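Chains as they are written, first to last, in my numbering: chain W, 1 to 507; chain X, 1001 to 1070.
If you're looking for bench data, these hints aren't it; they were derived computationally from the structure.
Everything numeric in this text was worked out from a predicted model, so none of it was measured.
For glycine and all other residues, C-beta sits at the position ideal for the given N, C-alpha and C.
Here are some chain W residues pointing at chain X (derived, C-beta under 10 Å):
no. : residue
1   : Tyr425
2   : Ala428
3   : Ser433
4   : Phe446
5   : Arg460
6   : Ser468
7   : Ile471
8   : Gly498
9   : Pro504
10  : Gly506
Derived CB-CB ranges, DEER-like:
no. : chain 1 : residue 1 : chain 2 : residue 2 : range
11  : X       : Ser1057   : W       : Thr436    : 28 to 36 Å
12  : X       : Ile1054   : W       : Pro128    : 46 to 54 Å
13  : W       : Pro472    : X       : Pro1005   : 22 to 30 Å
14  : X       : Ile1002   : W       : Gly135    : 46 to 54 Å
15  : W       : Gly453    : X       : Leu1062   : 38 to 46 Å
16  : X       : Met1001   : W       : Pro456    : 19 to 27 Å
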Amino acid sequence: MASIAEAYWSKGKPADAVIRALLMELLRPTTWQEVLSIAGSLLLEGDWLRQIPELARRFEGMALWESQKQALYLLDTFGDSLLVADPTGSGKTRLGAGLHLLLLLRLYALGQSDRTRTLIVTSPQVKPAWESEFGSLDANQPKVVSQGMLSRPDSGEGVTTADSLKGCRILFLDEAHNYLNHKSNRSTSLLGHGADHTILFTATPEDLRLQENQQRFLDTRIKAAAALAAWNIKAMLRSSRAALQSGIVGGVTGAEQGFLNSWAFGDMDHGLFHGSLQQDFEAAAKGAAAGFAAGFAEGAIFGFPESQVKAQATLDAKRQAFLAKFAPNAVNDTGYESLNAPNVDPASGSRISNAGGAFMLHSNDDPELGEMNFGLGATGGGPGDIGGETDGPILGGGGGADTIPEGMRISTLRVTQPGETFFRYESADSVFSRITATGGVTPGTFAAPTSDGFLPDVMRIPAYNLPSPWIPRSLGMLLEPPAWTPIIGPRPVMGGFGNEVIFPLGY
Amino acid sequence: MINVPRRFADELRMKPETGMGYQIVSVILADGRRFDRVILVEGRITEIKGVLGIPFSSGDILEIIVTHEK
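Given only the sequences and the hints, what does the whole structure look like? Please build it.
So, in structure tokens, the structure goes:
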């Protein structure tokens, strides 16, 4: 056998050039229309729904549009909270009713019927529409309150609303753009909510003041489509996981840059859906699709561009220097947690301000820094940060996430940071272990962030709500994925007290 | 609790988990019967939601479909 193998090896020839040419052929730059049409067909005509029979059954008999089904799918797949930003008349209220039903079904299935208390906060004008839509469902009826009650805590109904916020486990927040001002009574009153799931709705996510400040526009609908398209391209490149991972990083980064956008919602930017005016949509789509195609090809074939990494490092160094200048006590090993603001340079007018954990730089000295918002939360920063405009997560954003209360965040697809490690607990059956021969994990593998600590055997099952508790998960392993490995989370484990991550593509 | 035939190992390892160390699957038997919401812990069928015990044996299994159906 050894001699046969040696014989084959001796006759072998290097095929690097051939494989590279093949990849170049497969991943050649294409038109944005073609990329969009592929992404659209994957969403609209793909068999993703049929692959989830439980979800398909739930939708039977429900008159939902395709976009509404997609939103439900994304909520069920990517996280427990969602921003729905579709135009007026696009069916957001109907979508909300569907989301409510989905969440109720999920919670009942999990035996968590005590976590279904729902509160809807909306404007007085559309309050009857919400009540009517939800009333048509054969499900527990949520409480619907006017948003005006949030800013009047001293009134009798205001106290009731505050109590309702604290006691609700599912919160629907309509007209979410009304809460962009974090210091308003209306916004601060929300911080006391106790919801596990928060669904935000808006038809007008753009904020004129933000636009004036050159805040950029985010169209996460295309972003989600691009990400899904990338995942489907995975099948074409199954033999080259490294190329795929690098391609996704490059592609999504390219898409983000192509969008010429970042956080239209500032630190509330964590949405999956955004509907916009037609011209904005087309412009964003064109830039995103072209950027995605070019970025994916570049990343998949050549690896993540070193020039971009260097550019990011340079920008990060500038940020550090800027912070050190204006807030010397704020820079520490763990980030900028202790920053007290504002700090203003009287000579140039440059300043840095702290918006409750998301920092705003206003540099009059360095045009590259200019004015930007950023945060260094657990999911912020990283390779997705190229250009200094997007903070970390690939799907949905999340820069400055420090200000977002737990429960208002969704799980985001991001990439791992250098040195980021995790624990994985198994029952020591090597045949079915998800640990690969090279020390990686197979696609769709769960793990725990090392910030949870290395738990003793008896704590692992309750922490991660594992079934069949009589089977000990006695094998604990440290996972050390390469930087930029696609990952979802950390997010709290439903029914447990730990946190979990998912490696959707493995590594 | 029964062990899943080893021939399913590679396929199951490449399918996403439902949570750390387990998958929720549907099991189709050679005689056409189907069991949903089957909990599979690293190659072991440990329980079936709504069913007392596990009313089939390892050799009866024709197909395993990962559904995550809780």
